[in-house]
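Protein chains: 2
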Amino acid sequence: MATYKEAGVDIDAGEEAVRRIKGPVRETFTPGVLTEIGSFGGLFHLAASGAMRDPVLVSSIDGVGTKLKVATRVGKHDTIGEDLVNHCVNDIAVSGARPLFFLDYFATGSLRPDVFEAVVLGFAKACKANGCALIGGETAEMPDLYKTGDYDLAGCVIGIVERDSIVDGRDIEEGDVLLGVPSSGLHTNGYSLARKVLFDRYVAADTPEALGGASVGEALLRVHRSYLDSIQALIAEDLATGFSHVTGGGIEGNTRRVLPDGLDIAVDYSAWKRPGLFRLIQEVGEVPEEDMRRTFNLGVGLVAIVPAAKKARAKTVLGALGEPAFEIGRVVKADAA
Amino acid sequence: MATYKEAGVDIDAGEEAVRRIKGPVRETFTPGVLTEIGSFGGLFHLAASGAMRDPVLVSSIDGVGTKLKVATRVGKHDTIGEDLVNHCVNDIAVSGARPLFFLDYFATGSLRPDVFEAVVLGFAKACKANGCALIGGETAEMPDLYKTGDYDLAGCVIGIVERDSIVDGRDIEEGDVLLGVPSSGLHTNGYSLARKVLFDRYVAADTPEALGGASVGEALLRVHRSYLDSIQALIAEDLATGFSHVTGGGIEGNTRRVLPDGLDIAVDYSAWKRPGLFRLIQEVGEVPEEDMRRTFNLGVGLVAIVPAAKKARAKTVLGALGEPAFEIGRVVKADAA
Numbered sequence: 001m002a003t004y005k006e007a008g009v010d011i012d013a014g015e016e017a018v019r020r021i022k023g024p025v026r027e028t029f030t031p032g033v034l035t036e037i038g039s040f041g042g043l044f045h046l047a048a049s050g051a052m053r054d055p056v057l058v059s060s061i062d063g064v065g066t067k068l069k070v071a072t073r074v075g076k077h078d079t080i081g082e083d084l085v086n087h088c089v090n091d092i093a094v095s096g097a098r099p100l101f102f103l104d105y106f107a108t109g110s111l112r113p114d115v116f117e118a119v120v121l122g123f124a125k126a127c128k129a130n131g132c133a134l135i136g137g138e139t140a141e142m143p144d145l146y147k148t149g150d151y152d153l154a155g156c157v158i159g160i161v162e163r164d165s166i167v168d169g170r171d172i173e174e175g176d177v178l179l180g181v182p183s184s185g186l187h188t189n190g191y192s193l194a195r196k197v198l199f200d201r202y203v204a205a206d207t208p209e210a211l212g213g214a215s216v217g218e219a220l221l222r223v224h225r226s227y228l229d230s231i232q233a234l235i236a237e238d239l240a241t242g243f244s245h246v247t248g249g250g251i252e253g254n255t256r257r258v259l260p261d262g263l264d265i266a267v268d269y270s271a272w273k274r275p276g277l278f279r280l281i282q283e284v285g286e287v288p289e290e291d292m293r294r295t296f297n298l299g300v301g302l303v304a305i306v307p308a309a310k311k312a313r314a315k316t317v318l319g320a321l322g323e324p325a326f327e328i329g330r331v332v333k334a335d336a337a
Numbered sequence: 001m002a003t004y005k006e007a008g009v010d011i012d013a014g015e016e017a018v019r020r021i022k023g024p025v026r027e028t029f030t031p032g033v034l035t036e037i038g039s040f041g042g043l044f045h046l047a048a049s050g051a052m053r054d055p056v057l058v059s060s061i062d063g064v065g066t067k068l069k070v071a072t073r074v075g076k077h078d079t080i081g082e083d084l085v086n087h088c089v090n091d092i093a094v095s096g097a098r099p100l101f102f103l104d105y106f107a108t109g110s111l112r113p114d115v116f117e118a119v120v121l122g123f124a125k126a127c128k129a130n131g132c133a134l135i136g137g138e139t140a141e142m143p144d145l146y147k148t149g150d151y152d153l154a155g156c157v158i159g160i161v162e163r164d165s166i167v168d169g170r171d172i173e174e175g176d177v178l179l180g181v182p183s184s185g186l187h188t189n190g191y192s193l194a195r196k197v198l199f200d201r202y203v204a205a206d207t208p209e210a211l212g213g214a215s216v217g218e219a220l221l222r223v224h225r226s227y228l229d230s231i232q233a234l235i236a237e238d239l240a241t242g243f244s245h246v247t248g249g250g251i252e253g254n255t256r257r258v259l260p261d262g263l264d265i266a267v268d269y270s271a272w273k274r275p276g277l278f279r280l281i282q283e284v285g286e287v288p289e290e291d292m293r294r295t296f297n298l299g300v301g302l303v304a305i306v307p308a309a310k311k312a313r314a315k316t317v318l319g320a321l322g323e324p325a326f327e328i329g330r331v332v333k334a335d336a337a
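Sequence lines, in order, name chains P and Z.
Residue 55 in full-length UniProt numbering sits at position 55 of the first sequence, and the numbers go up by one each step.
Residue 181 in full-length UniProt numbering sits at position 181 of the second sequence, and the numbers go up by one each step.
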């Protein structure tokens with residue numbers, strides 16, 4: 001086993017794997033990373049993230065659930081790392097934070113250097129795209145806990161926001177509009193149900209018509225998107241009063257988390273065309289509509305809550321980023337929902 | 001499933017488990033935790049950690065390896081969380097950092113509320129002892145990945161240090177003394193070997209004479225110690241030029257990581273009495289001395305590298321904290337090792 005230790009990135013893996021990931025990991029390093037210091041931890045120089053009056057650190061830890069099992073089934077491991085980074089980044093971005101750095105945990109029964117490399121390259125790619133340094137990692141081999149070929153991932157992101165710029169939903173008002181920003185697929189939620197339904201009927205290479213040419217495996221592995229740029233663009237023009245990252249719990253479950261007391265949301269589920277993957281799961285699995293809404297994002301990965309008067313400008317700003325945002329509902333009084 | 005969401009602590013678990021952990025998790029909250037904000041991430045107000053001129057964030061992510069399998073075998077889950085927190089805290093403390101907050105990942109096949117509660121209470125206990133807020137967590141149920149009863153843990157700690165107070169080993173000089181601070185047992189390393197050796201011969205309840213009355217299970221589950229207070233006390237009087245947290249790689253492997261180029265260490269393994277657990281593993285497993293040294297801490301959980309002239313004071317400072325530090329070697333020229 002070779003060891004890659006730099007700026008807290010402590011990776012024990014095959015020599016070839018370590019050689020291959022070294023460059024891509026280093027490419028994620030932003031000026032804040034103190035690489036000159038060999039250390040047990042990853043060091044990040046806060047001043048390098050820009051002068052701040054009253055900074056608040058925003059952090060989140062997460063996994064990717066059983067999307068892992070799809071990656072293992074299909075034998076495609078180069079995007080699951082992106083899924084994890086983007087999921088974590090979105091969870092802090094909705095507070096208005098920008099990510100500073102990310103740390104990963106990779107646990108497996110027996111390390112397969114090619115799989116390890118693919119996963120870490122996914123972390124590195126997404127970290128770079130989000131302007132976030134891959135500053136630390138732990139690789140664990142536990143043959144008694146994981147079956148050969150299986151692995152689990154956890155990731156932790158730390159970001160920063162000015163205290164008076166935190167987006168916390170307190171300014172959300174009745175009549176605000178819910179703008180949906182498209183997801184790319186299931187993101188990282190609902191995989192236990194989706195796998196059960198789809199793999200009872202199909203193999204991963206099947207291309208049911210509803211998927212418009214994609215295979216079941218491809219559709220299920222589509223990368224969880226990062227909404228960092230969209231969120232930051234709306235914040236820059238003060239266009240949103242809140243954001244919700246649509247994960248487990250669905251559009252309503254997640255969006256209700258950011259509402260002030262006394263308010264609720266009314267979502268019009270007919271307002272957008274539900275992507276084929278969700279329609280296929282519902283049809284094949286005969287999944288009740290209520291379960292679909294609670295389990296899946298249904299094509300909406302991010303909800304931006306926007307004052308009605310700013311709706312047109314918000315759509316223009318998102319459109320300029322290539323985001324065809326669509327109105328999916330409104331904020332209402334709690335008893336009117 | 002009930003959900004506990006507060007300041008980024010997002011826990012889906014049995015209602016009873018959530019009810020029980022809520023108080024202890026909240027007790028870890030330091031003034032920096034912005035609890036008033038329901039959020040997708042955990043928010044920490046940096047100013048609450050004290051005024052700093054030029055702060056550096058120090059972070060580490062880790063697991064506890066197959067010590068988990070001992071906890072599962074013995075059915076004792078209330079200390080494994082402490083192991084993880086203390087391991088992570090030590091990894092940043094050796095740079096001079098104090099921990100600000102901790103996030104955990106708990107993945108299992110099927111959530112057992114009593115086990116979950118015990119593990120989280122362990123996190124909370126150790127976080128509180130280290131002055132570190134348990135600010136976030138993710139609980140994942142993945143029956144296809146983990147066997148019933150099995151679980152894995154990952155934890156991430158974020159700490160802070162003044163840039164000009166980072167302890168990075170650059171002032172280490174030939175002749176500096178290596179002071180060993182006692183471990184409580186294996187801490188979180190070497191469990192694959194230790195389990196294989198000991199459980200081939202004993203059951204967990206056995207009390208071999210070398211363990212001085214403790215059972216094999218008790219000895220193996222002894223909590224990974226936190227060295228935060230010892231490290232901070234030495235730093236406060238400028239008594240140390242470097243620290244090494246002795247984990248996988250042993251005393252030499254870890255201590256070499258902090259040495260400047262051109263220096264090495266000479267460890268005198270006869271300088272302290274090796275605890276019974278290590279002697280038992282070596283004897284029962286006929287483990288070569290070299291493997292013992294590379295795999296285990298051998299009774300030394302922390303090495304403080306101290307200028308010879310400050311050795312006596314350093315020992316006094318540690319002694320006042322109840323730490324019977326002992327001299328285990330010296331810093332030497334690289335070619336003289």
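Check each hint, because a few of them may be wrong.
What the hints assert, rightly or not - No farther apart than 16 Å at their CA atoms in a straight line, the calculated lysine to aspartate or glutamate pairs in the EDC-like style are these:
{"#": "1", "chain 1": "Z", "residue 1": "Lys315", "chain 2": "Z", "residue 2": "Asp229"}
{"#": "2", "chain 1": "P", "residue 1": "Lys147", "chain 2": "Z", "residue 2": "Asp144"}
{"#": "3", "chain 1": "Z", "residue 1": "Lys311", "chain 2": "Z", "residue 2": "Asp144"}
{"#": "4", "chain 1": "Z", "residue 1": "Lys76", "chain 2": "Z", "residue 2": "Asp150"}
{"#": "5", "chain 1": "P", "residue 1": "Lys310", "chain 2": "P", "residue 2": "Glu209"}
{"#": "6", "chain 1": "P", "residue 1": "Lys196", "chain 2": "P", "residue 2": "Glu283"}
{"#": "7", "chain 1": "Z", "residue 1": "Lys69", "chain 2": "P", "residue 2": "Asp78"}
{"#": "8", "chain 1": "P", "residue 1": "Lys273", "chain 2": "P", "residue 2": "Glu327"}
{"#": "9", "chain 1": "Z", "residue 1": "Lys147", "chain 2": "P", "residue 2": "Asp206"}
{"#": "10", "chain 1": "Z", "residue 1": "Lys333", "chain 2": "Z", "residue 2": "Glu174"}
{"#": "11", "chain 1": "Z", "residue 1": "Lys333", "chain 2": "Z", "residue 2": "Glu173"}
{"#": "12", "chain 1": "P", "residue 1": "Lys196", "chain 2": "Z", "residue 2": "Asp144"}
{"#": "13", "chain 1": "Z", "residue 1": "Lys333", "chain 2": "Z", "residue 2": "Asp264"}
{"#": "14", "chain 1": "Z", "residue 1": "Lys310", "chain 2": "Z", "residue 2": "Glu209"}
{"#": "15", "chain 1": "Z", "residue 1": "Lys311", "chain 2": "Z", "residue 2": "Asp238"}
{"#": "16", "chain 1": "P", "residue 1": "Lys310", "chain 2": "P", "residue 2": "Asp150"}
{"#": "17", "chain 1": "P", "residue 1": "Lys69", "chain 2": "Z", "residue 2": "Glu173"}
{"#": "18", "chain 1": "P", "residue 1": "Lys125", "chain 2": "P", "residue 2": "Glu173"}
{"#": "19", "chain 1": "Z", "residue 1": "Lys69", "chain 2": "P", "residue 2": "Glu173"}
{"#": "20", "chain 1": "P", "residue 1": "Lys69", "chain 2": "Z", "residue 2": "Asp144"}
{"#": "21", "chain 1": "Z", "residue 1": "Lys196", "chain 2": "P", "residue 2": "Glu16"}
{"#": "22", "chain 1": "P", "residue 1": "Lys147", "chain 2": "Z", "residue 2": "Asp229"}
{"#": "23", "chain 1": "Z", "residue 1": "Lys147", "chain 2": "P", "residue 2": "Asp150"}
{"#": "24", "chain 1": "P", "residue 1": "Lys128", "chain 2": "P", "residue 2": "Asp229"}
Simulated from the structure, these hints should not be mistaken for laboratory data.
A quick look at each hint next to the structure:
Between lysine 315 of chain Z and aspartate 229 of chain Z the CA atoms are separated by roughly 14 Å; this keeps the pair inside 16 Å, and the hint holds. Annotation: proposed proximity of lysine 147 of chain P to aspartate 144 of chain Z holds, straight-line Cα distance about 10 Å (limit 16 Å). Under the criterion of a C-alpha separation no larger than 16 Å, the hint pairing lysine 311 of chain Z with aspartate 144 of chain Z is inconsistent with the structure, at around 54 Å. Between lysine 76 of chain Z and aspartate 150 of chain Z, the direct Cα distance comes to roughly 13 Å. Compliance with the 16 Å bound is thereby established for this hinted pair.
For the hint linking lysine 310 of chain P to glutamate 209 of chain P, the alpha-carbon distance of about 39 Å lies beyond 16 Å, and the restraint is violated. Pair hint lysine 196 of chain P plus glutamate 283 of chain P holds up; C-alpha atoms about 13 Å apart against a cutoff of 16 Å. Using a Cα cut-off of 16 Å, the hinted pair lysine 69 of chain Z and aspartate 78 of chain P is violated, with the two alpha carbons roughly 30 Å apart. A threshold of 16 Å between alpha carbons decides the hint, and for lysine 273 of chain P with glutamate 327 of chain P the separation of about 12 Å falls inside it, so the pair holds.
At most 16 Å may separate the alpha-carbon atoms for a hinted pair to count; lysine 147 of chain Z and aspartate 206 of chain P exceed this at roughly 30 Å. Pair hint lysine 333 of chain Z plus glutamate 174 of chain Z holds up; C-alpha atoms about 6 Å apart against a cutoff of 16 Å. Straight-line distance between C-alpha atoms of lysine 333 of chain Z and glutamate 173 of chain Z comes to about 9 Å, which keeps the hinted pair within the 16 Å bound. At roughly 11 Å between alpha-carbon atoms, lysine 196 of chain P and aspartate 144 of chain Z fall within 16 Å of each other, so this suggested pair holds.
Distance hint between lysine 333 of chain Z and aspartate 264 of chain Z is fulfilled; the C-alpha atoms sit about 6 Å from each other, no more than 16 Å. Restraint check: the Cα-Cα separation between lysine 310 of chain Z and glutamate 209 of chain Z comes to about 39 Å, which exceeds 16 Å; the hinted pair is violated. A C-alpha spacing of about 12 Å is found between lysine 311 of chain Z and aspartate 238 of chain Z, which places the hinted pair at or below 16 Å, so the restraint holds. Straight-line distance between C-alpha atoms of lysine 310 of chain P and aspartate 150 of chain P comes to about 48 Å, which puts the hinted pair past the 16 Å bound.
A hinted pair counts as satisfied when its Cα atoms are at most 16 Å apart, and lysine 69 of chain P with glutamate 173 of chain Z does not qualify at roughly 51 Å. Pair hint lysine 125 of chain P plus glutamate 173 of chain P does not hold up; C-alpha atoms about 38 Å apart against a cutoff of 16 Å. Proximity of lysine 69 of chain Z to glutamate 173 of chain P is assessed by CA-CA distance (about 51 Å); at most 16 Å being required, the pair is judged violated. A threshold of 16 Å between alpha carbons decides the hint, and for lysine 69 of chain P with aspartate 144 of chain Z the separation of about 8 Å falls inside it, so the pair holds.
Distance restraint check for lysine 196 of chain Z and glutamate 16 of chain P: the Cα-Cα separation of roughly 29 Å exceeds the 16 Å cut-off, and the hinted pair is therefore not satisfied. Pair hint lysine 147 of chain P plus aspartate 229 of chain Z does not hold up; C-alpha atoms about 40 Å apart against a cutoff of 16 Å. Restraint check: the Cα-Cα separation between lysine 147 of chain Z and aspartate 150 of chain P comes to about 12 Å, which is no more than 16 Å; the hinted pair holds. Of the supplied pair hints, the one linking lysine 128 of chain P and aspartate 229 of chain P holds, its CA atoms being roughly 13 Å apart against a limit of 16 Å.
The structure shown violates the earlier hints numbered 3, 5, 7, 9, 14, 16, 17, 18, 19, 21 and 22.
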